[in-house]
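Undergrad: Chains as they are written, first to last, in the numbering used here: chain A, -12 to 249; chain B, 5 to 277.
Hints in this document: simulated from the structure, not taken from any laboratory. The reader is advised that the hints may include incorrect statements.
Where chain B lies over chain A, by a calculated footprint (3+ residues, C-beta under 8 Å) [as the list claims (entries may be wrong)]:
# : segment
1 : 107 to 121
2 : 159 to 166
3 : 169 to 183
4 : 189 to 200
5 : 203 to 213
Far from chain A by the CB rule (all over 12 Å, computed), these chain B residues [what the hints assert, rightly or not]:
#  : residue
6  : 20
7  : 31
8  : 34
9  : 39
10 : 134
11 : 148
12 : 150
13 : 151
14 : 179
None of the values given here were measured: they were computed from a predicted structure. Note that CB positions come from ideal geometry on N, CA and C, so glycine has one too.
So you can see what is in the structure, the chains are spelled out below.
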Amino acid sequence: MIWDKFIFFAIASVILSFAGAAFSAVRREGRSVPGIGLSIASSLVLASFIVHLWTTLNRPPLRTMGETRLWYSFFAGLAGIFTYCRWRYRWILPFSAVLSTVFIVINCLKPEIHDASLMPALQSPWFIPHVTVYMFSYSVFGCAFLLALVGLLRRGGPQMGMFSSMDTLIYVGLAFLTLGMMSGSLWAKDAWGHYWNWDPKETWAALTWLSYLLYVHLRIFGKVSRRTLCGIVIFSFLCLQMCWWGINLLPSAQDSIHIYNR
Amino acid sequence: MDFQVSFFEFPLNVILAVLWCLTVLILWKGFRRTAPVRFFLSPLATCLSIGLCASGTLVLGLSSDRNLASSWWFVTEVFFLLTVLLFVTVRGVYRDGKIRWRFLLNHAGLLLAVGSSFWGAPDTQTLRMRLCAGESSSACFSLEGKGTRLPYEITLRDFRVDYFETGIPSVFEADVDIDGNDVLLRVNHPFSRTFSEDIYLTSYGIEGGREYCILQIVRQPWKWLTAAGIIMMMIAALLMFLRGPRTGCPSGVPKMDVPPGLCTAEPLKTEGK
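Excised from the complex, chain A in its bound form (with noise of 0.2 Å):
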């Protein structure tokens, strides 16, 4: 089983991802060269299984829960990197780390890799490109959400500094999500007839893109309190929870067409 062998990749990704995040935490200023190093040394190793496991299956490994949990924990990474090469905040890669590491361990824990097949609908050239960009976006409003809740728990409530941060992350993530939800219903319309059904994971996406969209316009207009704008990133990112595999707990997504990524 390629799965069994996760394992092995898993400790070495925690492990470098964490070494990389040390270093920049540590570095007052600047960028630290061996922090960035051993970060994306970090996701080369994610990125190695991910090609192994793309090989060997045959297909492009961005099915089950466990494969898309794989290209979470990927991404989060990428995005800590990026985010710290671009603006260079010490507490991303950190934050990025343990986002990641969450992600491995539930996989190690629980990989849900039901079989090796591809159905039809999934066949189709916009499969790659929906569920990658989506993924990436998931991983960069994790960071926001960390950063939203770290502001909301801290003894006189969120800095106004942290919202240089947020506004960065809440931007890239919210591009990304709407590449994702764009070439999902081109795709749509391709696979099903139309480009939006209301189906619960369309709805639950719908709802996910406003609540950001919301906290994006109320950040131009200002004067709204920073622990309302936290506590928007966080029902932002609860929803896009429930859109991510929420939904399958709900009876109304018994039937919904997206069935296939549980």
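Based on the hints, put chain B in the right spot on chain A.
TA: Chain B in isolation, oriented as in the chain A frame:
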């Protein structure tokens, strides 16, 4: 109570859509200092319209009733959002004599994608046809079960389903004759018969020992506008990623349109690394 979408079929929907656009343009040109126009252009209306749509979508997401998307209250929320979006788009496209591309693509793209789906919904038809191998027919049914006839015939010559070892279908395709055209229909590969009509291979099954296919005929004359809106939004998303967060007060919002207290919040760009 559901909104009676079919009542607004062409040409009524086009007349109403044009009147709606003209009304907004006339109000913007000649009455922009009046209270209603100032409201539609205010940050409050923008946030209210997004918030209302989000609330409606939350109800849809928690409910098992798919028909709620055509309920009068949800249609009203979407119409309010579209009206605010049209006002804001008309106002914000130009600034200092330049076209603001990111703003235009984001707002006009959303307006086009949602607006064409909204106004085009009465003209959208989804029909289904069940055919056994070797059969020809023009009879089909709407999703509500209403029978109708196509102006041409479809013949199912043959169809093939292959399976993985797990029992999940790997290939599903049908060889059909559509109005004299030889077509191989597959999932994700519909046949475009006209600019507004596409034919899909939807499902298959066995009844009474005979295998059959379900074909779906979708007539959607407004689909190209929706596709244009979607593509505009995708380009806007790329620009959003590349350029990052906006700073300060919304561009193109004249100070008179901003209620006291708004746009005076802390700047977006702050120290925080």
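Undergrad: If a hint holds in the structure, say so; if it doesn't, say that too.
TA: To see whether the hints hold, each was checked on the structure:
{"no.": "1", "hint": "107 to 121", "verdict": "holds (count 4)"}
{"no.": "2", "hint": "159 to 166", "verdict": "holds (count 6)"}
{"no.": "3", "hint": "169 to 183", "verdict": "holds (count 13)"}
{"no.": "4", "hint": "189 to 200", "verdict": "holds (count 7)"}
{"no.": "5", "hint": "203 to 213", "verdict": "holds (count 8)"}
{"no.": "6", "hint": "20", "verdict": "holds (21 Å)"}
{"no.": "7", "hint": "31", "verdict": "holds (22 Å)"}
{"no.": "8", "hint": "34", "verdict": "holds (26 Å)"}
{"no.": "9", "hint": "39", "verdict": "holds (19 Å)"}
{"no.": "10", "hint": "134", "verdict": "holds (16 Å)"}
{"no.": "11", "hint": "148", "verdict": "holds (16 Å)"}
{"no.": "12", "hint": "150", "verdict": "holds (18 Å)"}
{"no.": "13", "hint": "151", "verdict": "holds (19 Å)"}
{"no.": "14", "hint": "179", "verdict": "holds (16 Å)"}
In terms of the numbered hints stated before, the structure departs from none.
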